[in-house]
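Colleague: If you're matching them up, the sequences are chains U, C and P in order.
The first sequence begins at 62 in our numbering and counts up one residue at a time.
The second sequence begins at 5 in our numbering and counts up one residue at a time.
The third sequence begins at 3 in our numbering and counts up one residue at a time.
Careful, some of the hints might be misleading.
In silico DSSO-like links for lysine-lysine, alpha-carbon gap of 30 Å or less [said to hold, decoys possible]:
1) U:K168 - P:K193
2) U:K304 - C:K255
3) U:K143 - P:K193
4) U:K382 - P:K11
5) U:K143 - P:K11
6) P:K193 - C:K38
7) U:K143 - U:K133
8) C:K38 - U:K168
9) C:K22 - C:K255
10) C:K283 - U:K304
11) C:K75 - P:K193
12) P:K193 - U:K139
Source of the hints: derived by calculation from the structure; they are not laboratory data.
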Amino acid sequence: MSYLELRNVTKVFTGGMFRKTTTVAVDNFSLEVDVESPFIRALVGESGSGKTTIALMMLGFITPTRGEMLYKGRNFQKLPRKERQIFRREVQAIFQDPFGVYNPFYKVDHVFDVPIAKMHLARSTAERQALKEEVLRAVGLRPEETLGRYPHQLSGGQRQRITIARALLMRPKFIIADEPVSMVDASLRATILESLIRLNRELRIPILYITHDLTTAYHLCDNIIILYLGSIVESGNVEHVIKNPKHPYTQLLVGSIPWPDPSRRWGEGQVPIVVDREASGTDNQCKFAPRCPFVMPICRESRPPLFQLNNDRSVACYLYKDKPVAESSSYLF
Amino acid sequence: MNQSTNQSLSQRDHLLLKIEELKVFYHTDEGTVKAVDGINIGLAMGERLGLVGESGCGKSTVAMAIMGLIKPPGRIEGGKILLEDVDLTRLSEWEMRMFRLNRISLIPQGAMNSLNPVSRVKDQIIDGIKAHNQQLSESELNSRVYELLESVGLRRDVARMYPHELSGGMKQRVCVAIAISLHPQVIIADEPTSALDVVVQREVMETIGRLQQELNVSIILLGHDMGLMAQFVDRLAVMYAGKLAEIGSVKDLFAQPLHPYTQLLIASLPTLGKRGVFKGIPGLTPSLVNVPPGCLFHPRCPRAMDICSLEVPALKEVDGRQVACHLYNSEVLI
Amino acid sequence: MKRKLIAAKRYIRRNPSLGVGIVLLLAVLLFCGIGRIFVPASRAYPLSVPASRPVSRELPLGSDRQGRDILAVMIVGTPLTLRIGLIAGAIGTLIGTMLGFISAYYRGFLDTVIRSTVDVLLTIPSLMVLILVAVSLRQSMTVNGMALVVSILAWVWPTRTIRAQVLSMRESGYIRVAQLSGMSGIEIILKEMIPNLLPYLGASFVGAVASAILASIGIEALGLGPMEAPTLGMTIYWVLYYAALLHGMWWWWAPPIIVIVIVFVGLFLLSAGLDELANPRVRRVV
């Protein structure tokens with residue numbers, strides 16, 4: 062039994078007053094988290110890929126339209142209150158906006174004091190102070206420079222590291238990091254990512270790193286899942302996927318990364334971009350078909366399943382239809 | 005690639021835009037913030053210049069100063085901005101308006117969010133054109149709109165749409181269309197792709213690049229993504245805490261960065277080479293109110309010397325580019 | 003403490019509306035307060051001084067047709083009108099805040115009910131409703147009664163505006179984090195949202211006070227107010243009743259109008275100043 066699982070989850074958003082529009086944000090997605098083997102896995106996708114919806118579903122803030130979110134084997138919606146409280150403690154999140162997560166009315170201590178109080182993590186003021194200082198040091202911050210200040214008095218990098226410290230406070234079993242460095246200056250990103258790596262290595266906490274930035278995913282994670290319009294298109298070991306992408310969308314992503322090397326131009330030897338991006342395709346065709354330079358007739362007839370290329374690589378593309386279909390489309394950590 | 009990049013500075017005298025000793029200070033209640041403190045930059049015709057630095061380094065302020073959009077408590081304290089011998093800092097608001105969009109245009113940061121949500125794309129483009137040229141007839145304006153949309157790779161029917169019906173990349177391309185609508189000589193793009201995904205970013209930047217070549221426009225690209233700079237610009241200026249650290253051709257800067265800050269900036273980029281090898285720059289950017297003496301980077305500099313905490317290094321020409329660092333003061337390259 | 007005062011003074015210089023508004027209202031209050039020491043309250047009622055006298059040394063603002071000392075009327079009546087505004091404004095803002103928060107935070111069925119009710123009530127001319135109520139209570143109308151009547155509809159606009167604010171706040175990162183930390187809905191409303199909304203609630207309150215005063219003056223001027231009380235609105239009523247304008251008794255109709263104008267300008271500027279304070283971009287600097 063896995064610790065946390067999204068099982069064949071689909072999320073459809075309906076909107077609009079008169080003309081109901083439906084958006085399929087997540088489409089038959091599965092993911093299993095096993096806390097015994099704490100890898101760092103990346104969930105990579107552009108905006109509109111559904112990655113934030115997946116994060117919110119894993120945190121229990123959004124209920125799936127179809128499929129289930131299971132915590133320790135039980136459906137999250139049916140969890141008794143006690144279990145939910147444990148869930149709230151053990152599953153933590155780090156969000157994208159290093160400013161928005163702070164209530165501007167309070168000093169930054171507030172983000173520590175609230176969970177300490179609500180979850181009874183300390184029995185006295187002294188214990189509380191010691192706890193705060195401990196977690197701040199663990200992320201490389203000095204308590205005297207950070208506690209007692211207001212959010213606007215600290216830099217983006219410091220604020221983001223404080224959010225990580227806060228997550229640490231609760232000794233979580235699993236952390237979801239949703240674009241933790243995309244709004245932080247390039248030079249500060251490394252230190253923040255280093256804190257995450259340390260969390261994973263020293264405290265053995267599995268981390269789901271959600272991002273659109275392949276390069277940071279490359280450096281941080283061991284395994285990677287590429288998401289396109291709510292479905293998995295490729296997954297596997299991060300070195301292999303990025304050095305040798307198999308799915309045309311992954312190739313497009315890798316080719317669009319601006320190399321910090323003036324002599325190596327964009328998209329050298331990569332797939333040319335087909336700019337037409339009309340519909341995402343109807344229900345019964347590959348979602349990437351309208352943009353795919355390798356599109357074949359079969360791609361427009363049905364959705365490609367995930368084909369298992371080898372031990373750790375699977376691709377949802379008919380280019381590989383000779384390979385066996387992956388038996389379960391859920392990925393263990 | 006432009007020939008001017010390989011010339012040394014003394015040969016670059018046919019410059020379209022010359023910024024000389026520009027100083028922009030903000031007079032706040034907490035003190036005077038020296039946002040830009042003595043910048044010298046030249047831009048040739050048809051050249052792509054990158055202005056790179058972390059947040060708070062002053063690059064947006066430079067863009068605003070060029071456009072004449074500095075508002076109190078900010079003020080241009082000194083220096084000149086010469087566009088073909090006209091000093092923009094000396095112009096009145098009315099005169100400056102003649103220049104905006106017509107000769108210099110700006111794609112501001114988060115431009116796609118600054119599109120009017122209750123106005124159609126077509127009308128927003130036309131507004132800019134009409135502000136400068138009342139003569140054009142409606143059909144002429146319409147055909148100009150279609151022309152512009154096509155040139156940025158958008159379909160004609162986008163003209164009738166409202167901003168919320170467009171994706172982020174499309175909105176940004178509308179902003180580019182507005183910026184080129186009057187064939188300006190200079191376009192300043194302030195982080196035009198910061199909110200966009202990497203695939204869309206490439207499309208938008210390629211669109212901007214293609215237009216730059218077709219119209220022979222000069223572009224100043226502001227940003228903090230060195231990767232983007234490497235792919236797009238001819239020359240690169242690195243700013244730190246309101247001053248220039250290094251400026252030179254992008255090839256030179258990446259091949260052999262001289263200023264320690266440039267070196268660290270490049271090293272802080274994760275690349276798809278060896279895994280786990282990218283490091284940040286320790287410490288914080290200095291307060292621009294109580295400016296410490298000496299080089300503003302010295303507290304974080306791995307190669308700081310004693311003189312660095314005493315004297316501000318001047319911008320000197322070294323090896324075909326300009327660096328402001330005491331390491332290169334005595335003509336002896338380390 | 004001292005540093006906060008200095009920061010406050012510097013802020014007021016940047017936000018002149020707030021400063022001027024406060025000054026105007028303080029001036030009115032001081033006028034009434036100091037006036038009470040020198041002028042006996044009884045002179046604000048009929049038959050206390052010779053009637054219809056113009057300005058003189060004994061009667062600095064003259065007297066009206068029923069023998070009231072106009073200066074006393076101003077000194078006694080203005081606080082009465084302000085009191086009506088304050089009570090009605092407070093009740094309105096309190097109810098509006100509660101309904102606005104419940105509606106926006108919990109959404110769902112409750113939100114639909116509250117929102118539709120508010121939208122419908124906003125289309126009904128409130129003065130008409132209040133007039134109907136006042137007419138039926140005519141005999142027993144007192145100053146406090148006036149306040150309660152006006153507060154019947156004072157909560158409608160605050161509900162709507164506060165709901166809008168909470169709706170946008172709800173999606174903030176820090177609310178998510180609070181939920182992640184295990185805070186309940188009520189706790190989040192009280193501890194996370196309300197502190198950030200204080201300036202906005204203040205502006206809302208001031209707006210409610212202003213419209214309450216306006217409504218009360220309107221009803222009183224029609225003769226539906228507390229007849230014995232020398233409120234500003236009742237004074238207007240008597241001015242109209244006795245055609246003071248035609249009779250050239252400027253000392254009678256000018257003072258209430260001037261005071262009303264000052265109070266409204268003061269309230270308006272105060273509200274505008276608080277609105278600016280509520281803008282997060284400004285707040286952060288202070």
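Colleague: Take a quick look at whether K168 of chain U and K193 of chain P sit within 30 Å of each other, Cα to Cα.
Modeller: At roughly 13 Å apart (the allowed maximum being 30 Å), K193 of chain P and K168 of chain U satisfy the hint.
Colleague: Is the hinted pair K143 of chain U and K193 of chain P satisfied, with a Cα-Cα distance of at most 30 Å?
Modeller: With a Cα-Cα distance of about 23 Å, the restraint between K143 of chain U and K193 of chain P holds, given a limit of 30 Å.
Colleague: Under the criterion that the straight-line Cα-Cα distance not exceed 30 Å, is the pair K283 of chain C, K304 of chain U satisfied?
Modeller: holds, 22 Å
Colleague: Can the restraint linking K193 of chain P and K38 of chain C be considered satisfied, given a maximum Cα separation of 30 Å?
Modeller: violated, 38 Å
Colleague: Holds or violated: K143 of chain U and K133 of chain U, Cα atoms, limit 30 Å.
Modeller: holds, 14 Å
Colleague: Has the given pair, K22 of chain C with K255 of chain C, been kept, meaning a C-alpha gap of at most 30 Å?
Modeller: holds, 22 Å
Colleague: Starting from K382 of chain U, check that the Cα of K11 of chain P is at most 30 Å away, please.
Modeller: violated, 74 Å
Colleague: Is it true that the CA of K143 of chain U sits at most 30 Å from the CA of K11 of chain P?
Modeller: violated, 51 Å
Colleague: For a C-alpha distance cap of 30 Å, please report whether K193 of chain P and K139 of chain U respect it.
Modeller: Within the cut-off at roughly 29 Å; holds.
Colleague: Hey, K38 of chain C versus K168 of chain U, does the alpha-carbon distance stay inside 30 Å?
Modeller: Distance ~28 Å between K38 of chain C and K168 of chain U Cα, so the pair holds.
Colleague: Could you grab the alpha-carbon distance between K75 of chain C and K193 of chain P and see if it respects the 30 Å cut-off?
Modeller: Outside the cut-off at roughly 37 Å; violated.
Colleague: For the pair we were handed, K304 of chain U and K255 of chain C, check the Cα-Cα distance against 30 Å.
Modeller: The hint holds at about 25 Å.
The structure fails to meet hints 4, 5, 6, 11 from the earlier list, while all remaining hints are met.
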